[in-house]
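Q: Here are the chains, one letter per residue:
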Amino acid sequence: MLTKLLPLTEAAAEETPSPLMPHTAEIIFGFVFLILLAFAFSKFVSPKFEKAYADRTAAIEGGMNEAKRAQAEAKAALDKYNAQLAEARQEAAKIREDAREQGALIIAEMREQANTEAERIVTHARTQIDAERAQAVASLRSEVGTMATTLAGRIVGESLEDEARQRRTVERFLADLESSESARQAVGTDG
Amino acid sequence: MIAGVSTEFIPPGPQSFETPPIFSGVEWFTKPVLVAMLSVIVIVWFFYGASRKAAIVPSKLQFAGELGYNFVRNSIARDAIGSREYMKYVPYLCGLFFFILFNNVAATIPLIQFPTFSHIGWAYVAAIMSWVIYNAVGIKKHGAWGYFKHQTMPAGVPLWLMPLMIPIEFISNILVRPVSLSLRLFANMFAGHILLLVFVLGGEYMILHSGSIAIGGVGIITLLMALAIAGLELFVQCIQAYIFVVLTAQYIGSAIADDH
Numbered sequence: 001m002l003t004k005l006l007p008l009t010e011a012a013a014e015e016t017p018s019p020l021m022p023h024t025a026e027i028i029f030g031f032v033f034l035i036l037l038a039f040a041f042s043k044f045v046s047p048k049f050e051k052a053y054a055d056r057t058a059a060i061e062g063g064m065n066e067a068k069r070a071q072a073e074a075k076a077a078l079d080k081y082n083a084q085l086a087e088a089r090q091e092a093a094k095i096r097e098d099a100r101e102q103g104a105l106i107i108a109e110m111r112e113q114a115n116t117e118a119e120r121i122v123t124h125a126r127t128q129i130d131a132e133r134a135q136a137v138a139s140l141r142s143e144v145g146t147m148a149t150t151l152a153g154r155i156v157g158e159s160l161e162d163e164a165r166q167r168r169t170v171e172r173f174l175a176d177l178e179s180s181e182s183a184r185q186a187v188g189t190d191g
Numbered sequence: 001m002i003a004g005v006s007t008e009f010i011p012p013g014p015q016s017f018e019t020p021p022i023f024s025g026v027e028w029f030t031k032p033v034l035v036a037m038l039s040v041i042v043i044v045w046f047f048y049g050a051s052r053k054a055a056i057v058p059s060k061l062q063f064a065g066e067l068g069y070n071f072v073r074n075s076i077a078r079d080a081i082g083s084r085e086y087m088k089y090v091p092y093l094c095g096l097f098f099f100i101l102f103n104n105v106a107a108t109i110p111l112i113q114f115p116t117f118s119h120i121g122w123a124y125v126a127a128i129m130s131w132v133i134y135n136a137v138g139i140k141k142h143g144a145w146g147y148f149k150h151q152t153m154p155a156g157v158p159l160w161l162m163p164l165m166i167p168i169e170f171i172s173n174i175l176v177r178p179v180s181l182s183l184r185l186f187a188n189m190f191a192g193h194i195l196l197l198v199f200v201l202g203g204e205y206m207i208l209h210s211g212s213i214a215i216g217g218v219g220i221i222t223l224l225m226a227l228a229i230a231g232l233e234l235f236v237q238c239i240q241a242y243i244f245v246v247l248t249a250q251y252i253g254s255a256i257a258d259d260h
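Protein sequences appear in the order of chains A and B.
At position 135 of the first sequence (counting the first as 1) the number is 135 in our numbering, and the numbers step up by one without a gap.
At position 113 of the second sequence (counting the first as 1) the number is 113 in our numbering, and the numbers step up by one without a gap.
Rather than coming from a laboratory, the hints here were simulated on the basis of the structure.
Among the hints, a few may not be true.
To be verified - Residues from chain B that face chain A, not an exhaustive set, calculated with beta carbons under 8 Å:
{"#": "1", "residue": "G49"}
{"#": "2", "residue": "R52"}
{"#": "3", "residue": "A54"}
As the list claims (entries may be wrong) - Far from chain A by the CB rule (all over 10 Å, computed), these chain B residues:
{"#": "4", "residue": "V105"}
{"#": "5", "residue": "P167"}
{"#": "6", "residue": "F170"}
{"#": "7", "residue": "I171"}
{"#": "8", "residue": "L224"}
{"#": "9", "residue": "G231"}
{"#": "10", "residue": "G253"}
Heads up, the beta-carbon is just placed ideally off N, CA and C, and yes, glycines get one too.
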């Protein structure tokens, strides 16, 4: 093309119109082409691309919402488990407390029971001892009575010669008494 | 010019942008028309293919399409117009951006190598479309009088300055904008192409017709320079497409902005 322009002569240069003068055909084609392009973009390209953008935005938003929902769900589950754990912990503490109380109660009860039992045993023993003593006193009294009577008879029978005799008599009596006592005891053990 | 040359060197100029009809007899069918047509077909084909089965998980083609579409949608339209009303203008801004981008970059694509917008008609059309749109949406939003006030009477300016402000603002916001839009794009493409032609044709002429090894060497350097300039031009071509669309979006944004 460049070489084709070379052989231009001065004559051609003279009749060259000003470059600021437009060609009619180019004006017409210019309008036609620009309107055609704008039409093509507005009719075919723009709607398709905008739809793809909208879909993309929706997809991203949908994904984000989904993620948000899952996160909320997970958080709810965690909260639930935490609450359950706290509840269980509380319950365990309560049970432990209860057990401790119950244990203390049982110990106290046992102590009480033992105390009363001991008291009962002591009282029982005391009454038994009292009864036995009373019995012993009663039998002793009757024995002492008879012995006193016997002793008195002997003393009277021996006629009160002198004090030494009297003392001997008493001592003999007591020795008799002792021996008879030991003999009775021996008989008791044999029998 | 140079001693001993057989052919005279004709420097590239406006005549370099004359495009004869591709088929004799069909006057209107010239190279820029063909390239513009091609750009429409390629853009529609690419974006239709990329968006036809648009899914949540994009295919490679859809991803590439979204990349381009999102650039205009988010970085240009939404930033300049605001997130409330920008969607309405995205199709036009997309079409405008990729149309200008393709036709500018066409100047670097081998076998095409002609910037469509170096024919000012195309730049006029794009600027007029943008001008009509931003004024129309402004009038629709504020009413004719309200829009006039909105564009010409900046808030906070004392009343006695208004006789000065109104003409200045009217000229800059209503009259000059389409002219600056179209001329900026046209001039960049036109000048870039001429610059490239100067280096390429000059280098070629020096190598083939100078008859001197030293000048031929300079010609080789010149051709290498042309490569670098082509790289620079590719950058300028992209930037110009971006600027045109960003300004359009900003004009729309300021036209429908609530009164400050």
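Q: Would the hint on A54 (chain B) be counted as holding, given a Cβ-Cβ threshold of 8 Å to chain A?
A: 4 Å, holds
Q: Hold the hint about R52 (chain B) up to the distance rule: shortest CB distance to chain A must be less than 8 Å.
A: Since chain A brings a Cβ to about 7 Å from R52 (chain B), closer than 8 Å, the hint holds.
Q: With 10 Å as the threshold, tell me whether L224 (chain B) passes as away from chain A on beta-carbon distances.
A: 17 Å, holds
Q: Check the non-interface label on G231 (chain B): least C-beta distance to chain A beyond 10 Å or not.
A: Check passes; 18 Å lies beyond 10 Å.
Q: Would you assess whether V105 (chain B), listed as outside the interface, keeps its beta-carbon beyond 10 Å of every beta-carbon in chain A?
A: 16 Å, holds
Q: Take a quick look at F170 (chain B) and tell me if its Cβ sits farther than 10 Å from every Cβ on chain A, holds or violated.
A: 23 Å, holds
Q: Is it correct that the beta-carbon of P167 (chain B) has no partner in chain A closer than or equal to 10 Å?
A: 25 Å, holds
Q: So is G253 (chain B) really clear of chain A, every C-beta pair being over 10 Å apart?
A: The claim holds: G253 (chain B) sits with its nearest Cβ about 18 Å from chain A, beyond 10 Å.
Q: Just double-check I171 (chain B) for me: nearest Cβ-Cβ distance to chain A has to come out over 10 Å.
A: 20 Å, holds
Q: Double-check G49 (chain B) for me: the hint is only fine if its C-beta lies closer than 8 Å to a C-beta in chain A.
A: At 10 Å from the nearest chain A Cβ, G49 (chain B) fails the 8 Å test, so the hint is violated.
Hint 1 alone, counting from the list given before, is not met by this structure.
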